[in-house]
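Protein chains: 2
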Amino acid sequence: MKSVERKATQAEKAALKLANTSTQSRDEALIKIASKIKENTESILEANEEDVEEAEKLLERGKYTQAFVDRLKLSGDKVSDIARMIRSVAEQEDPLGRTLDAKELDENLELYKVSVPIGVLGSIFESRPDVLPQVSALSLKSGNSVILKGGSEAEKSNKILFKLVKEASEEAGIPEGWIQLIEARREVRDLLEMDEKVDLLIPRGSKKFIRFIQENSRIPVLGHAEGLCHIYVDEKADMGMAVRVSFDGKVQYTAVCNAAETLLVHREIALDFLPRIAEKYREAGVEMRGCERTREILEDITEATEDDWRTEYLDSIISIKIVDELEEAIDHINTYGSKHTDSIISEDKDRLLKFLQGVDSSSVMANASTRFSDGYRYGLGAEVGISTGKIHARGPVGLEGLTTYKYYVLGDGHVVDSYSGPEAKSFTHMEISKKWREIRDSWND
Amino acid sequence: MKSVERKATQAEKAALKLANTSTQSRDEALIKIASKIKENTESILEANEEDVEEAEKLLERGKYTQAFVDRLKLSGDKVSDIARMIRSVAEQEDPLGRTLDAKELDENLELYKVSVPIGVLGSIFESRPDVLPQVSALSLKSGNSVILKGGSEAEKSNKILFKLVKEASEEAGIPEGWIQLIEARREVRDLLEMDEKVDLLIPRGSKKFIRFIQENSRIPVLGHAEGLCHIYVDEKADMGMAVRVSFDGKVQYTAVCNAAETLLVHREIALDFLPRIAEKYREAGVEMRGCERTREILEDITEATEDDWRTEYLDSIISIKIVDELEEAIDHINTYGSKHTDSIISEDKDRLLKFLQGVDSSSVMANASTRFSDGYRYGLGAEVGISTGKIHARGPVGLEGLTTYKYYVLGDGHVVDSYSGPEAKSFTHMEISKKWREIRDSWND
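Sequence order for the protein chains is A and B. For reference, each letter of the first sequence is one residue, going 1 to 445 in the numbering used here. For reference, each letter of the second sequence is one residue, going 1001 to 1445 in the numbering used here.
These are calculated hints, taken from the structure and not from any lab test. Being a predicted model, the structure only gives us computed values, none of them experimental. Hints should not be assumed to be uniformly reliable.
Computed list of lysine-lysine pairs in DSSO-like fashion (alpha-carbon distance at most 27 Å, straight line) [as the list claims (entries may be wrong)]:
1) B:K1113 with B:K1435
2) A:K163 with A:K36
3) A:K156 with A:K63
4) B:K1349 with A:K103
5) A:K63 with A:K208
6) B:K1349 with A:K13
7) B:K1113 with A:K113
8) A:K57 with A:K73
9) A:K236 with B:K1435
10) A:K103 with B:K1434
11) A:K207 with A:K159
12) B:K1434 with A:K435
13) B:K1013 with B:K1113
14) B:K1434 with A:K113
15) B:K1425 with A:K280
16) A:K113 with B:K1103
17) B:K1434 with A:K236
18) A:K435 with B:K1349
19) A:K434 with B:K1434
20) B:K1434 with A:K349
21) A:K434 with B:K1435
22) B:K1113 with A:K434
23) A:K78 with A:K36
24) B:K1435 with A:K103
25) A:K280 with A:K236
26) A:K159 with A:K38
27) A:K63 with A:K159
28) B:K1113 with B:K1425
29) B:K1163 with B:K1002
30) B:K1349 with A:K434
31) A:K2 with A:K13
32) A:K236 with B:K1017
33) A:K156 with A:K2
34) A:K159 with A:K73
35) B:K1280 with A:K425
36) B:K1036 with B:K1078
37) A:K425 with B:K1078
Start from the sequences and build out the full structure, keeping to the hints where you can.
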């Protein structure tokens, strides 16, 4: 048996036990993990220092960028942040055991649809060592086993963080084997092939990295490869609002997936709007690339090519296109977008509705900045990721995205034969308000 | 461009329009389809007769079984059933536009999580020609485009049914291209590779057939390859109930996925229980295959081998195993089962709870027959299928399984910058009772 298969088998076994641990025991384990990490700040920083030194050598040889090395680096404050983040996950509501539906099928025959963990998660991530404790905490909270594979650049940091999470959780009574670390790069391929044992992959990293995972595994992937977000300024837009939102969407934070990359502008408002936003963009150092018609208005900007419509800059660059009609904007977004987040600025409700319904993205906004698309801002608590797929979970995903459900049928010796034939009984199919947790707690001795 | 790719592209385009058709227009189209099918009963039966004649030739040559040919055959009554089924889909509640969550993020900034179609479904099925109108109706009701591929044995029946559904729906104003038929067998491979354009596969057919599809496509598959269901008779079982449920689970209908295939019996009750159920099974002509200990009690039955624990008989056969403890039953089910449906018979609530929580199947039952696991009996309306996967939809799946959701953010010029920095505003994150449909209808002029 390959090493990864052995680990996946252990994770699978532990998952069955972990699924039935109490809310309290999972939360206590999280608190313990947070304390253990805080107590071991020194050792964590030492291990991290070794990783950083190694990375700096590669930086000198031009293999890494400074930004890459910066992301790798931990500090005492960052370790405290990690501990705090884990405690905040403990404080969230238990995503397990929620009654999603409850029905009486017939007298004394009841159906409960109840949230349960998915099983085994696979988490593959690059550089930032804070991903390991974060994903571990989310997995534990949601009752899932997790197999972790970090980037080789953070090997020593990941190793010690893994050890601390594992020790603290097992000391707190969480079933051994629920957390697994893969270290060799060649083992990633093995993990991607474990579709019999791993239920969901949650990759973190570059677009190329996520695409590679999506294209090389039959395991479902939660996440997004890119966020190519648009703001469409309609002819019926409020001018001040259009400028404000277009500015925020691009400038507030450029390196994130929900930043705007393309501005679509209705031709009727372009002459008025473009000079105003251009002035603001220029002040903020944003490079503009425009279509031919845009460049008739903003004469000194670069030309946007077909490639620009497909590019997620993640930088202070924006492409601008003038469209003849709302429908052209919708078509452009559905053609070039990444189904992440897109926004319309307009005062006309009929046009807002057409846009909201016509754009096939996970978040579609009216008169708001694309930057709102985020688990924290949506009030989902801890964010697992933003998904641009349509199956299972879409848009910003909270802990709920790490759960599935199970049907419980509670009878009193009921058989299907009673509901067929000439004297068939009928089903009542009545919604009931009883919760599974009440039943569970009353049955638990 | 390959023929399948062209069809998928048309389906994808139509899906964007179909997603925004009104409840009324989809329902009216369904009624029109039902009428058109009924009116064309003669032509349907003629086409079907050609398929049946062809199949009978192959039956003579031993290529098909009689059961296979029977499933292929339509009659006037069956065509009426099809029309009635389509009308009943029209009568169901619209699965689109439901508000799954509604929140105020801040004053005049609202978030709505709203059910929307998935996009393009791929439906691959064998023999029974009533699958085509059923899947088409479910797709249309849920606003999804669908690409259909039926078995070559029903080619002529499928062709005319497809033509009628297409014509009637397009006459009723449903966007052209929403329904596509693939006829060549070699095109199945092409369809399985369309993971960029096809969002979900819904196969119907044999275990081998479903497995083939699961293993040869990166498109998510809704369904199950097999139903290897168990009934566990606990030492604390009520004897009459144990006999009744064990009988119903196996005998009520043997050829279905939710029929019981293995009986697990606690050793403390075996001596009492086994002779009683054996008598009933014998009367019903059920062949029993037992483990060694079972055969000490039921001396004349066949031996069960390791293979039996892995076999979905779909026939009047049951395997029987004596277990020492509840945990052994749970382990057996998690090892050999197919995550479909499993039931425990016991009067002890603590043991019921252990079983319900410990068995990792989509439906787990207490004191009820496994045969209840079914969309109709669960009150889900039209059943799309039963899923044993854990991602997206699990267990019996209704129309809801053909939908995903989309987030709408409705603001008034809100920008993220207001929520950061020293004077950051806070989010209110308050649940609100307003429904998306109200907003939509008031905005629709």
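Outcome of the hint check:
1. Simply put, K1113 (chain B) and K1435 (chain B) have alpha-carbon atoms about 10 Å apart, close enough for the 27 Å limit, and the pair holds.
2. Restraint check for K163 (chain A) and K36 (chain A): satisfied, since their Cα atoms lie roughly 10 Å apart, inside the 27 Å limit.
3. Between K156 (chain A) and K63 (chain A) the alpha-carbon distance is near 19 Å, which keeps this suggested pair within the 27 Å criterion.
4. Taken as a hint, the K1349 (chain B) and K103 (chain A) pair is honoured in the structure, with Cα atoms around 20 Å apart against an allowance of 27 Å.
5. This hinted pair checks out: K63 (chain A) and K208 (chain A) have alpha carbons roughly 17 Å apart, not beyond 27 Å.
6. Simply put, K1349 (chain B) and K13 (chain A) have alpha-carbon atoms about 25 Å apart, close enough for the 27 Å limit, and the pair holds.
7. This hinted pair checks out: K1113 (chain B) and K113 (chain A) have alpha carbons roughly 20 Å apart, not beyond 27 Å.
8. Restraint check for K57 (chain A) and K73 (chain A): the C-alpha separation of about 14 Å stays at or below 27 Å, so the hint holds.
9. Taking the CA atoms of K236 (chain A) and K1435 (chain B), the gap is about 26 Å. The hint holds against a cut of 27 Å.
10. Distance hint between K103 (chain A) and K1434 (chain B) is fulfilled; the C-alpha atoms sit about 25 Å from each other, no more than 27 Å.
11. For a cut-off of 27 Å, the pair hint linking K207 (chain A) to K159 (chain A) stands: about 25 Å separates their Cα positions.
12. Pair hint K1434 (chain B) plus K435 (chain A) holds up; C-alpha atoms about 25 Å apart against a cutoff of 27 Å.
13. Between K1013 (chain B) and K1113 (chain B), the direct Cα distance comes to roughly 24 Å. Compliance with the 27 Å bound is thereby established for this hinted pair.
14. Restraint check for K1434 (chain B) and K113 (chain A): the C-alpha separation of about 25 Å stays at or below 27 Å, so the hint holds.
15. Distance check on the hinted pair: K1425 (chain B) and K280 (chain A) sit about 23 Å apart at the alpha-carbon level, within 27 Å; holds.
16. Our distance criterion of 27 Å between C-alpha atoms is met by K113 (chain A) and K1103 (chain B), whose separation comes to about 24 Å.
17. For the given pair, K1434 (chain B) sits about 26 Å from K236 (chain A) by alpha-carbon distance, which is consistent with the 27 Å threshold.
18. This hinted pair checks out: K435 (chain A) and K1349 (chain B) have alpha carbons roughly 16 Å apart, not beyond 27 Å.
19. With a C-alpha separation of about 25 Å, the suggested pairing of K434 (chain A) with K1434 (chain B) holds against the 27 Å cut-off.
20. A threshold of 27 Å between alpha carbons decides the hint, and for K1434 (chain B) with K349 (chain A) the separation of about 17 Å falls inside it, so the pair holds.
21. With a C-alpha separation of about 25 Å, the suggested pairing of K434 (chain A) with K1435 (chain B) holds against the 27 Å cut-off.
22. About 25 Å separates the Cα atoms of K1113 (chain B) and K434 (chain A), which keeps this hinted pair within 27 Å; it holds.
23. As the CA atoms of K78 (chain A) and K36 (chain A) are separated by approximately 15 Å, the hinted pair is consistent with the 27 Å bound.
24. With a C-alpha separation of about 23 Å, the suggested pairing of K1435 (chain B) with K103 (chain A) holds against the 27 Å cut-off.
25. Between K280 (chain A) and K236 (chain A) the CA atoms are separated by roughly 21 Å; this keeps the pair inside 27 Å, and the hint holds.
26. Our distance criterion of 27 Å between C-alpha atoms is met by K159 (chain A) and K38 (chain A), whose separation comes to about 16 Å.
27. A distance of roughly 23 Å separates the Cα atoms of K63 (chain A) and K159 (chain A); the hinted pair therefore holds under the 27 Å criterion.
28. Of the supplied pair hints, the one linking K1113 (chain B) and K1425 (chain B) holds, its CA atoms being roughly 23 Å apart against a limit of 27 Å.
29. About 22 Å separates the Cα atoms of K1163 (chain B) and K1002 (chain B), which keeps this hinted pair within 27 Å; it holds.
30. A hinted pair counts as satisfied when its Cα atoms are at most 27 Å apart, and K1349 (chain B) with K434 (chain A) qualifies at roughly 17 Å.
31. Of the pairs offered as hints, the one joining K2 (chain A) and K13 (chain A) holds, with about 17 Å between alpha carbons and a cut-off of 27 Å not exceeded.
32. Between K236 (chain A) and K1017 (chain B) the CA atoms are separated by roughly 24 Å; this keeps the pair inside 27 Å, and the hint holds.
33. With a CA separation close to 23 Å, the supplied pair K156 (chain A) and K2 (chain A) stays within the 27 Å bound.
34. Straight-line distance between C-alpha atoms of K159 (chain A) and K73 (chain A) comes to about 15 Å, which keeps the hinted pair within the 27 Å bound.
35. Taking the CA atoms of K1280 (chain B) and K425 (chain A), the gap is near 23 Å; set against the 27 Å cutoff, the hint holds.
36. Between the alpha carbons of K1036 (chain B) and K1078 (chain B) the distance comes to roughly 15 Å, so the proposed pair stays at or under 27 Å and holds.
37. Taken as a hint, the K425 (chain A) and K1078 (chain B) pair is honoured in the structure, with Cα atoms around 25 Å apart against an allowance of 27 Å.
When held up to the earlier numbered hints, the structure conflicts with none and fits them all.
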